[in-house]
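2 protein chains.
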Amino acid sequence: MRFTIVKSIKAQQKLSRQLIRSGKSIAVVPTMGFLHDGHLSLIKKGLSKADIVITTIFVNPTQFAPGEDLTRYPRDEKGDLEKIKQAGSQIVFIPRLTDMYPDDYETYVDVENLTLTLEGESRLQHFKGVTTIVAKLFNIVQPDFALFGMKDYQQAAVITKMIKDLNWPTKIIVCPTVREKDGLAMSSRNSYLTPVQRKQATALYQSLILARQMVKSDERRPSEIRKSMRRLIKNAAPDSDIGYIAFTDLKTLEAKKEITKNTIASVAVNIGPVRLIDNMRIF
Amino acid sequence: MRFTIVKSIKAQQKLSRQLIRSGKSIAVVPTMGFLHDGHLSLIKKGLSKADIVITTIFVNPTQFAPGEDLTRYPRDEKGDLEKIKQAGSQIVFIPRLTDMYPDDYETYVDVENLTLTLEGESRLQHFKGVTTIVAKLFNIVQPDFALFGMKDYQQAAVITKMIKDLNWPTKIIVCPTVREKDGLAMSSRNSYLTPVQRKQATALYQSLILARQMVKSDERRPSEIRKSMRRLIKNAAPDSDIGYIAFTDLKTLEAKKEITKNTIASVAVNIGPVRLIDNMRIF
Chain A
1 MRFTIVKSIK AQQKLSRQLI RSGKSIAVVP TMGFLHDGHL SLIKKGLSKA
51 DIVITTIFVN PTQFAPGEDL TRYPRDEKGD LEKIKQAGSQ IVFIPRLTDM
101 YPDDYETYVD VENLTLTLEG ESRLQHFKGV TTIVAKLFNI VQPDFALFGM
151 KDYQQAAVIT KMIKDLNWPT KIIVCPTVRE KDGLAMSSRN SYLTPVQRKQ
201 ATALYQSLIL ARQMVKSDER RPSEIRKSMR RLIKNAAPDS DIGYIAFTDL
251 KTLEAKKEIT KNTIASVAVN IGPVRLIDNM RIF
Chain B
1001 MRFTIVKSIK AQQKLSRQLI RSGKSIAVVP TMGFLHDGHL SLIKKGLSKA
1051 DIVITTIFVN PTQFAPGEDL TRYPRDEKGD LEKIKQAGSQ IVFIPRLTDM
1101 YPDDYETYVD VENLTLTLEG ESRLQHFKGV TTIVAKLFNI VQPDFALFGM
1151 KDYQQAAVIT KMIKDLNWPT KIIVCPTVRE KDGLAMSSRN SYLTPVQRKQ
1201 ATALYQSLIL ARQMVKSDER RPSEIRKSMR RLIKNAAPDS DIGYIAFTDL
1251 KTLEAKKEIT KNTIASVAVN IGPVRLIDNM RIF
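Residue numbers (the numbering used here), protein chains in the order written: chain A, 1 to 283; chain B, 1001 to 1283.
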């Protein structure tokens, strides 16, 4: 079909219903814009699964806490549209803020337990904003598939749980993190980094590689691995402030007392004013 | 189509998707079973709007508070199936409790403000349970239309708000309360009443008729109308305990300081151990 930009919620609902009635399957790639190769890999994966990929662009205010970077979040709608078209996604849904959250808005979706640890601990209400906007997008787009990146590993787990609990007929597909050549996980927020900070930011990736190596060398104690990761980050990134270094189960997100199979190591680090996260399966 | 009973969530999702793909429109009538003529009027209305009416039967535990009547809620699956078939609903969805709420269930939908007054004030968490189960049913059944009764007027308002805020492509239709000959609003809970209580229970309806008459006679003060309603209820139903008598706006549910257009009078009254509610548009 012809590349189509949709801004109205009703129009997108109608278009999706028409596509379903005509036998087409739909994949959705929800984004906050300022697209990088990570997003584009989701579109490509979506095209391998469904007839139509709908990319959404919406900087969702309910997932930002007061004082976070909502107002300065990077935007480039024109560049995004070009990239989305090139990648082969046929529809872009760009809803208006006042349509998505009118003044009398008051309904929220909350996954109560998986959201208490890791990102949820430092970013209160963040996941409630994420699950609410994803619920809205699911209802508008009516997708068979939804694609998310592994970089936001807890987000993927929370949305997986939300889909299962509330019974959307949508299959989630979590795609590998796409990295820069030096290992830094791609993120729209990397654009905030100064050249010096950008160099230091590779410390997150390096610390995860170190963790994986230690596990390969039969280290199983989270405390020891954490200590080595912390040392590496502090050395490689003097301007850093470590939020957390965690070892959790891939599915339940429960903290591991000993590194066993299906362990994800995840880190949150402030480099200067920029909060970065990354994770890696280490066993 | 042939009368079909579906018990599996996945089977219902698949069946609904097939119906949509084949061009059929779907209406859903969510019930907790023990059907009366009120429910059947919803099925009939649904059939006038959509090709297929899916009636759901599920006694939803999350909308009962501890100590409420969950365990003794009346059930009659065989009778219900016969009535549903007679009324012309083609599909009955009767999910299993452990499928709907497995042990690790943790996701809830909450309409935060409309739920604070009236029923929400005395039944904490009630509406969170209602909106959560309705969200689940919408995602499983994927209806074009959803039918609810006006007897649960606040419930209808809360679900209308939930649909609008979270963008389900579903149109809600609220149908008039169906009453017994003496005016008592039909309710599965009426089956709890002894013959003496059953007679006293008409006090709710009579008090609403009185309110409407007073407004017709140009009384506009809620306090005066409430006083007269209270007197009537106390006289007609000596075993009663009045929960609330409220005058609210039809849409916003805000309390009216003066009776103006679009006012709903609503009452909650315990008759013996049975909590009954009713309402009427009085202007």
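The set of hints was computed from the structure by calculation and includes no laboratory data.
A few of these clues could be false.
Within a straight-line C-alpha distance of at most 20 Å, the following computed PhoX-like cross-link-like pairs (lysine-lysine) qualify [stated by the list, open to error]:
| hint | chain 1 | residue 1 | chain 2 | residue 2 |
| --- | --- | --- | --- | --- |
| 1 | A | Lys45 | A | Lys83 |
| 2 | B | Lys1014 | A | Lys24 |
| 3 | A | Lys227 | A | Lys251 |
| 4 | B | Lys1049 | A | Lys14 |
| 5 | A | Lys24 | B | Lys1024 |
| 6 | A | Lys164 | A | Lys83 |
Covered by chain B, per the in silico footprint, the following chain A stretches (three or more residues, Cβ under 8 Å) [said to hold, decoys possible]:
| hint | stretch |
| --- | --- |
| 7 | 67 to 81 |
| 8 | 101 to 108 |
Predicted model only: the values in this text are computed from it and were never measured.
Where is the CB? At the ideal position from N, CA and C, for every residue including glycine.
- [ ] Determine which of the earlier numbered hints do not hold for this structure and return their numbers in increasing order.
- [x] As far as the earlier hints go, 3, 6 and 7 are violated by this structure, in ascending order.
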